[in-house]
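Peer 1: Chains D and Z, in that order, are what the protein sequence lines are. The opening position of the first sequence corresponds to residue 1 in our numbering, with each subsequent residue numbered one higher. The opening position of the second sequence corresponds to residue 1 in our numbering, with each subsequent residue numbered one higher.
Each hint should be verified, as a subset may be incorrect.
Unchecked claim - Think about it this way: if two alpha-carbon atoms lie no more than 27 Å apart in a straight line, the pair counts; the simulated DSS-like pairs of lysine-lysine are: (1) D:Lys151 with D:Lys46; (2) Z:Lys11 with D:Lys22; (3) D:Lys22 with Z:Lys20; (4) D:Lys388 with D:Lys678; (5) D:Lys506 with D:Lys578; (6) Z:Lys10 with D:Lys22; (7) Z:Lys10 with Z:Lys111; (8) D:Lys388 with D:Lys468; (9) Z:Lys111 with Z:Lys147; (10) D:Lys22 with Z:Lys68; (11) Z:Lys126 with D:Lys26; (12) D:Lys678 with Z:Lys126; (13) Z:Lys147 with D:Lys678.
By construction, these hints were calculated from the structure, which means they are not laboratory data.
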Amino acid sequence: MAVREKGIEVSPGNFVSDIDLKGMLKVSIVRSSIPSGEIEEIKLPKIPAGYWIIGRESVPGTNFFVTNASLIDDTVGKDGSSQGLSEGEMGKESCGKYRRLWFAEGRVNYPGEPILLVAGPDLHIVRELASSVTVKYREDGYITDPIEALKEGRIIRRESFDRGNYESIYREAYQVVEEEYEIRGQEHLYDEPQAAVATWDGKLLTVYTQCQDPFLLRVYLAALLNLPEKRIRVVLPSTGGALNGKLEDAILVAGYVSLVSFVTSLPAKLAYTREEDLDYTSKSYPVIARYRSAVDSNGDLMGLSVTLIVDSGAYETFGYDSLLRMRLASLGVYRCNDIHFEMYLVSTNKVPFGVMEGMGSPQGFSGIEIHSSRLAEIAQVDPFVWKKRNLISKGFILPSGYAIEEYETPLLVLERVVSISDFQRKYSAYEMAKKRRSNVESGTFPLRGIGLSLCFQPAGLPDYYEKKRKSSVILKFDRNRNITVFSSFFDYSGLERLIVSGLLEKYGFDGSRYIWELVDTQISPDTGPSLPVRRGMIMKPLLERGLNMLKRKRLNSIPPLSVKVSYRNPSRRRQPNKLPYSGLVWVGTVVEVEVDPITFNVAFRGIWVVTSGKGDKLDLDSSGTSEVPSLISEVEAGVMHGLGFVLGRRRNFKGLHSGENSFYVVRGGFTVREIPLKIDFLGGEKNSGCFNCTGEVGIVGVAPAFIAAVSQATGVYINKMPVAPSVIQDYIDSENAEAENVGTP
Amino acid sequence: MKVEFLINGKKTALNVGPLKALVDILRDDLAMKGTKKGNSPAEYGCELVFLNGELVDASLIPAFRVDKGEILTIEGIKQRKDFPDYERIVREVLKGNDRLYCAGNIVMLVKALFMEKKNNDIEAVKEALSEVICSEIGFSGIVEGVKRLSSLRGKRIRG
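Start from the sequences and build out the full structure, keeping to the hints where you can.
Peer 2: Rendered as structure tokens:
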């Protein structure tokens, strides 16, 4: 599959940051050094021959960048406007005001906002020149707190709905439980920082990128450069990890090199350093989730009010699907007819936030699942009993307003994970130990705890988006009996290894004789964004249908044969309140921990994960063993969502904040050791969808179960995620301080 | 300064600044892109090479330290006929996927691990591999792979 063209070897193992071309310009970005203010003056240093300064004035097309709407609205970008949203989604407040720009126009809204580009043959000189550009600002006030942003009315989008009689239910309630949860943004920490290379020969612009959606990138480049799309070729060599962090930022990087190449007619490359990548790329959305629950005398749920305040950073970004998932997840899976829901996407003066692994579901479920553990504690029953008693059942719809088809599945998943982890016995024992000690230091027993969560992950992107995008795959069967797959879905290790070889055998082809053709918009059909959540419901059926067609064609015709298959909306029973996704995969997670009473380090005694997948061969790795590598690495990612701190590096913007006021955390592998992990599948014909195919389900439930376990082990109620040892220490200190103050006049 | 060294068995001489990092020499001056540069220097140990038989982080080695030295990079390991383990490491630890960004790094670490004559303790293996961040295979997957590899080579890992 290695392709050699004009001295570039574009092959797996050769990454964008490895590409070097003769005469190539290196690019550096001049960024704002303040969070908010007007640009008064820009002083440029003396530019040596062969070096370039490129800014807003050089843009031949539009300076507007992306919005949430752009994911589903393909008119965006062409005229710089976004034209509404489909099918009752989040209403726009003042979307235009928060549209991202390629270059700052007159003012900057976050520290690190791109102002100019410097390009030249020597990277060191380029960086020196970039640091010598002096920008004079008239600074104004900035906001970093999303609650303050909400008070100031900096709302990008707002959604709210009421169902039932939620106001009066609080008057009838036996008890009202109010909690606030803070879920911080997290860094993707993909292996290869953002990079792109572009060449312009006067007719065709070729961009080597890591972007997870090459066809969408083409739309944005066409708008930026005022070029027809057919004159832009996007090629994806290997990507050094994406974790859904190479959508918007990858478009940004590719846009800058394309512009430099377009203006100078020379090849150009922009590769972020790790520091740049950490400081100036999007992280997962931080969320403040407020829950107000009405419970009856048994502790069962009567009414639920949820307010989500989602920090978007300075501008609106690509997180449309994440916000939808967050809404579905944050209302949970418990029976409740009286609902009040509010969601605000607010703008602060931070680097824009966006999507990450799990696509918003981890943030949504973290709030409701930690809250449900709290409700179980108040009801004085174990979380399994509470969840089972309150779980959605036939005749009810999800609190988010959608109906599901498989009512038995969540209960079966919950029962299975509780049974294999011996949850109830352990929970009672740890609860007893917790009651016998007056504080963390006084106990003679180890500080152990166990937590339970029940979540789901919607498969694919919303149906109307998939319908609009019409993803396609081309399969060719040649005389040498090789199958070649043409698709813009870039997922070598996921699809190719886990699905394609298994599917080929299923349809009578040689499992080892396939070629996954390099993604190139000139030869690959548009298969939509490469997101793991699209593997199962979009890519797998496309490949299956294609192989089935090839199999039938093979009976009557002689190779070479070729078929093209396009996305079809899954035929399902029409029902009211239909979920906007093709399906759900359920996951039950139990986490058992032991906390060190001196260092507050958390050790995992066990993690049990049960998914509603079939667990058939296509779920497993190509060797057909019971090992599920993707699930293991996803659970590890989930652990890191819960722990977050593991590198001990809390990032903050230079000169803006420090210490505890950091905005996001960098996860990493330093303290992640082998996790005693047990994975089980529900199996059975009824349970459609397979784990690996759906993607990113393992990550969703770990963090809330982990926090419930740490809360039980330490006896302090934790409502912040991720939980670093210092966070546990802070909680215990504040509890001790409160205890000391009791009785003080 | 002029530095001379043996790289993957080939004698090489270069004129570079004395403080230029080895990883930059490899990537910029010798066009050897197998040693990746992307993480902060030495933070995750992603720029590993053997210098005089010792595993080092190439981002922390200045040019003057490689003078008269012997360097082995991932390109050299792939080519060496007396090191058939490359294929085996890829198959067992990377599950056949040597296209990952961290692949070279994992191969270097595993090779260094097996260069130890004594039997390895599982905790030592975990410690050695704890700096590997691989979102595709995961930490547990890598440790499992090393265990499998160890059993194939007849070495037993305790634990």
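Peer 1: Output the indices of the hints that this structure fails to meet, ascending.
Peer 2: 1, 5, 8, 10 and 11
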